[in-house]
Structure formats: C-alpha cells, structure tokens
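Colleague: Residue numbers (my numbering): 524 to 586.
Be a bit skeptical, because a hint or two may be false.
Now the in silico label distances, taken between C-beta atoms and shown as ranges [unchecked claim]: (1) S540 to Y573: 16 to 22 Å; (2) K582 to K534: 15 to 21 Å; (3) M564 to S540: 16 to 22 Å.
It is worth saying that the hints were derived from the structure and are not from the lab.
Idealized CB from N, CA, C, for every residue including glycine.
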Amino acid sequence: MEQIQKVAGGKSIVRRSEEEIQRFLNEQEQSGLTVKEYCEMYDIVEQTFYGWVNRYRSKGVMD
Numbered sequence: 524m525e526q527i528q529k530v531a532g533g534k535s536i537v538r539r540s541e542e543e544i545q546r547f548l549n550e551q552e553q554s555g556l557t558v559k560e561y562c563e564m565y566d567i568v569e570q571t572f573y574g575w576v577n578r579y580r581s582k583g584v585m586d
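Kindly produce the complete structure, drawing on both the sequences and the hints.
Modeller: Right, here's the structure in full:
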C-alpha cells in the first residue's frame with residue numbers, strides 16, 4: 524500500500540510496499556513496454572524504477 528508524504532515546495536513522496544514494487548517490476552517485464560513507457564503510464568520516476576530493479580536484483584528477488 525502506498526503512503527504519500529508532502530514535502531517542501533508542494534511535492535509529494537510516495538512510499539510503496541515491497542509487494543507493490545515487485546508487482547510493478549513484474550508487470551513491466553511482462554508488458555512489452557519500455558521502462559520509460561511503463562513509468563509514464565504509472566507516473567513513476569524512471570530513476571526510481573531503476574533503483575528498484577537494482578535493489579531487488581541484489582536481493583535475488585528478480586531473475
């Protein structure tokens with residue numbers, strides 16, 4: 524479940540659960556979309572998405 528925090532300048536930080544992040548990673552891989560297209564579709568910062576990929580690959584969650 525995502526949690527949204529407001530920070531200075533009116534921007535928001537969205538905190539996502541591990542399960543939600545894994546779902547995004549799996550869905551993108553199966554979608555046939557590029558990471559850029561997928562991130563635009565779900566309003567995810569591309570750099571954040573790649574951070575998730577690196578984190579979960581190092582944990583051995585994704586292969």
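Colleague: Of the numbered hints stated previously, which ones are contradicted by the structure, given in increasing order?
Modeller: When the structure is compared with the hints, only number 2 turns out to be violated.
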